[in-house]
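2 protein chains.
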Amino acid sequence: MILVDPLRTGGAVPDEVKKRLLEFVDGYSVCAYCQGDLHKITKPNIKSFIEELREWLKAYEVRLTHGARESFFALFFALYKSRVKEGKAAPVIIADGNTHYSLELAAERAMFDLIKTKVGAYPEYKIIEEDYEDKILGVKKKYGLLPALLAITYPDGHYGNFSDIKKISKIAKDYNIPIMVNGAYLIGRVKTDMEELNADALVASGHKSMASSGPIGLLALNEELSKDVLKKSKLHGDKEVELLGCTVRGLPAISLMLSFPYVKKRVEKWEEKVEIARYFINKAGELGLKLLGERPHNHDLMLFETPQFYEISIKRKDRFFLYKELKKRGIIGIKPGITKVVKLSTYLLNREEADFVVSSFKEILEEG
Amino acid sequence: MILVDPLRTGGAVPDEVKKRLLEFVDGYSVCAYCQGDLHKITKPNIKSFIEELREWLKAYEVRLTHGARESFFALFFALYKSRVKEGKAAPVIIADGNTHYSLELAAERAMFDLIKTKVGAYPEYKIIEEDYEDKILGVKKKYGLLPALLAITYPDGHYGNFSDIKKISKIAKDYNIPIMVNGAYLIGRVKTDMEELNADALVASGHKSMASSGPIGLLALNEELSKDVLKKSKLHGDKEVELLGCTVRGLPAISLMLSFPYVKKRVEKWEEKVEIARYFINKAGELGLKLLGERPHNHDLMLFETPQFYEISIKRKDRFFLYKELKKRGIIGIKPGITKVVKLSTYLLNREEADFVVSSFKEILEEG
Chain D
49 MILVDPLRTG GAVPDEVKKR LLEFVDGYSV CAYCQGDLHK ITKPNIKSFI EELREWLKAY
109 EVRLTHGARE SFFALFFALY KSRVKEGKAA PVIIADGNTH YSLELAAERA MFDLIKTKVG
169 AYPEYKIIEE DYEDKILGVK KKYGLLPALL AITYPDGHYG NFSDIKKISK IAKDYNIPIM
229 VNGAYLIGRV KTDMEELNAD ALVASGHKSM ASSGPIGLLA LNEELSKDVL KKSKLHGDKE
289 VELLGCTVRG LPAISLMLSF PYVKKRVEKW EEKVEIARYF INKAGELGLK LLGERPHNHD
349 LMLFETPQFY EISIKRKDRF FLYKELKKRG IIGIKPGITK VVKLSTYLLN REEADFVVSS
409 FKEILEEG
Chain W
49 MILVDPLRTG GAVPDEVKKR LLEFVDGYSV CAYCQGDLHK ITKPNIKSFI EELREWLKAY
109 EVRLTHGARE SFFALFFALY KSRVKEGKAA PVIIADGNTH YSLELAAERA MFDLIKTKVG
169 AYPEYKIIEE DYEDKILGVK KKYGLLPALL AITYPDGHYG NFSDIKKISK IAKDYNIPIM
229 VNGAYLIGRV KTDMEELNAD ALVASGHKSM ASSGPIGLLA LNEELSKDVL KKSKLHGDKE
289 VELLGCTVRG LPAISLMLSF PYVKKRVEKW EEKVEIARYF INKAGELGLK LLGERPHNHD
349 LMLFETPQFY EISIKRKDRF FLYKELKKRG IIGIKPGITK VVKLSTYLLN REEADFVVSS
409 FKEILEEG
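Residue numbers (my numbering), protein chains in the order written: chain D, 49 to 416; chain W, 49 to 416.
Derived from the structure by calculation, the hints contain no laboratory data. One or more of the hints may lead you astray.
[To be verified] Label-pair restraints from in silico Cβ distances:
1. 275/D to 191/W: 25 to 35 angstroms
2. 368/W to 88/D: 28 to 38 angstroms
3. 364/W to 68/D: 33 to 43 angstroms
4. 246/D to 275/W: 40 to 50 angstroms
5. 414/D to 95/W: 36 to 46 angstroms
6. 166/W to 246/D: 46 to 56 angstroms
7. 404/D to 368/W: 51 to 61 angstroms
8. 191/W to 215/D: 43 to 53 angstroms
9. 275/W to 285/D: 47 to 57 angstroms
10. 191/W to 192/D: 54 to 64 angstroms
11. 364/W to 283/D: 32 to 42 angstroms
Ideal Cβ positions, reconstructed from N, Cα and C, are used throughout, including at glycine.
Please construct the entire structure, taking both the sequences and the accompanying hints into account.
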């Protein structure tokens, strides 16, 4: 089967890791030698894995979480307590207009208003970086305080667009507001780190982009935010309150760890992945399938406008026809029932497979 | 190997389930047919599993969470917003004096003060149920409001004591305060439900007691608390805010589901488990190992006072000697380095294995 599901291509676990995971299936499989903190367990050696991640991401601290959204919430809620409640910041987070719904939910749960920046016009839908500054000034005017955080989805999960992160982090620094990068589709695909991104906090998703069983994510922090987020309990001095003392106490932690050597290698080949993506976009364009999102495209996530498929679904009176036709050809991961747009990821495709998917599209269009 | 680790005996996954889990190792393995809510996915059929759980626990709603502590926090924080912030309840939760540290952390994270009831004397350390009422009156006096919640650990994870839950739930009803039962060592071992327990909320742990890979837990709610905890997002109307829209998006959800038929059967044999526990306690008592906690004992979790082992550790100048001696005999799960008390679970033992563990203790004591 050829998998093109944007949600699942980056989380496929290497076969050799799968076999080794069997011994960690039982509940609490990582806890036999725990001395009180998941991140300090040395058997299995989660401690040295966390240290590796810290260096790899150039972070002050890294923690395992239950996923990217749980990382957002841990950070947001810590900021609510340390800044908003203390009257140091407005109860507002500013995010890019293409942000993921889970970030909006995390903000809502943490009692923040989320303000989104403007998004540019069809067909690229690139966010307007300068709008962060306008939104900051609006918050300042309303509350007499600056927003607690700027958040940027990099790339966003809908179009696979990369914004100009340097512009945004410059605005953040100018106003001295911390900036969090949502790298759910970045970390584990692209070799980068907090310094290069100029990020104060960086969020990753194990099941989205780090070849890991889920749910699991990362929260990487600079020194200042570490103080807020990783505060120790007043009652149990060795436990971190915002992590409830322990997070991923089981198989997903081992999965992320065992896949990590493989992930470190695969990020070196990111340019090849972008080449395949662009190759695919060109070939699909020749069929009349129009890419939404930035051009040239810089990510394997892509969204096509496909009125042609929609027309066929009307003609065939079957909104699932595309899903079925592709599945018949061994291609899975297109959202069943949706034909006006097609969202996919070319991350797992080589050139031949890319050709095969395009020629399948072609056949389906010709069959009508 | 004979496993006696209190943390791990109830979370051991049946072999036939392990094999079937392999196909769900990849990240987002449960999401291919998601229409927006984990609990409504029909392929794999999580939806009907949730329905089964709901009936089994006699709950109004059941949700999958990342574990018992995450269930506590979701409930506590929802109550903070709906009751404390609204001036309807004091920012206080009253829990039994034997509560687990994770519940204290969840309360701390949710910005509650946690007040614990008194605990009775050595050697039983049973909690004083009546003290809930004294503590309620103290809160009322201080805040002019009632506490937001009563919590009871049933049984507690240290001694394996069951308190008189009828007394406590009567106090809760008398004052019209919701009551939450922490059933991390109950649900999946003992056949019971919310009606029998008189609980408004019931928390379970998949990796502790439901033969499941971790981390995963349950939050079962009555109708009233469902309204608070499962509120939909203002921005994304189909998503539940306190669950961040989705919780266990991966293998642990499948693990809990596939183990559930096995769990439903095994709870029918709970009386046999208690018999083995009592048999073990008697035999260990004959060696001079004194049980702490209630007698007769009603759970496989048990804690012994073992000054004899401590003396040997001094003599041998090796605080790990007991761990090593047991491991040599194929018995694992005793906390390495601790000898003054021995905490264990007889859940996975049959009578012969119980005899073997006791006779191993005997040999070690005789060797000195």
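To see whether the hints hold, each was checked on the structure:
The supplied range of 25 to 35 angstroms is met by residue 275/D and residue 191/W, whose beta-carbon atoms lie about 31 angstroms from each other. Range check, residue 368/W to residue 88/D: Cβ separation about 18 angstroms, and the 28 to 38 angstroms hint is violated. The hinted window of 33 to 43 angstroms between residue 364/W and residue 68/D holds, with their beta carbons roughly 36 angstroms apart. For residue 246/D and residue 275/W, the hinted distance range of 40 to 50 angstroms is satisfied, since their beta carbons lie about 43 angstroms from each other.
Distance hint check for residue 414/D and residue 95/W: the Cβ-Cβ separation is about 38 angstroms, which falls inside the suggested range of 36 to 46 angstroms. At about 54 angstroms, the CB distance of residue 166/W to residue 246/D agrees with the hint of 46 to 56 angstroms. Remark: the range hint 51 to 61 angstroms for residue 404/D to residue 368/W is upheld by a beta-carbon distance near 59 angstroms. As the Cβ distance of residue 191/W to residue 215/D is approximately 49 angstroms, the hint placing it in 43 to 53 angstroms holds.
The hint said 47 to 57 angstroms for the Cβ distance between residue 275/W and residue 285/D, and at roughly 37 angstroms that hint is violated. Separated by about 31 angstroms at the C-beta atoms, residue 191/W and residue 192/D break the suggested range of 54 to 64 angstroms. A beta carbon spacing of about 35 angstroms between residue 364/W and residue 283/D agrees with the range 32 to 42 angstroms that was offered as a hint.
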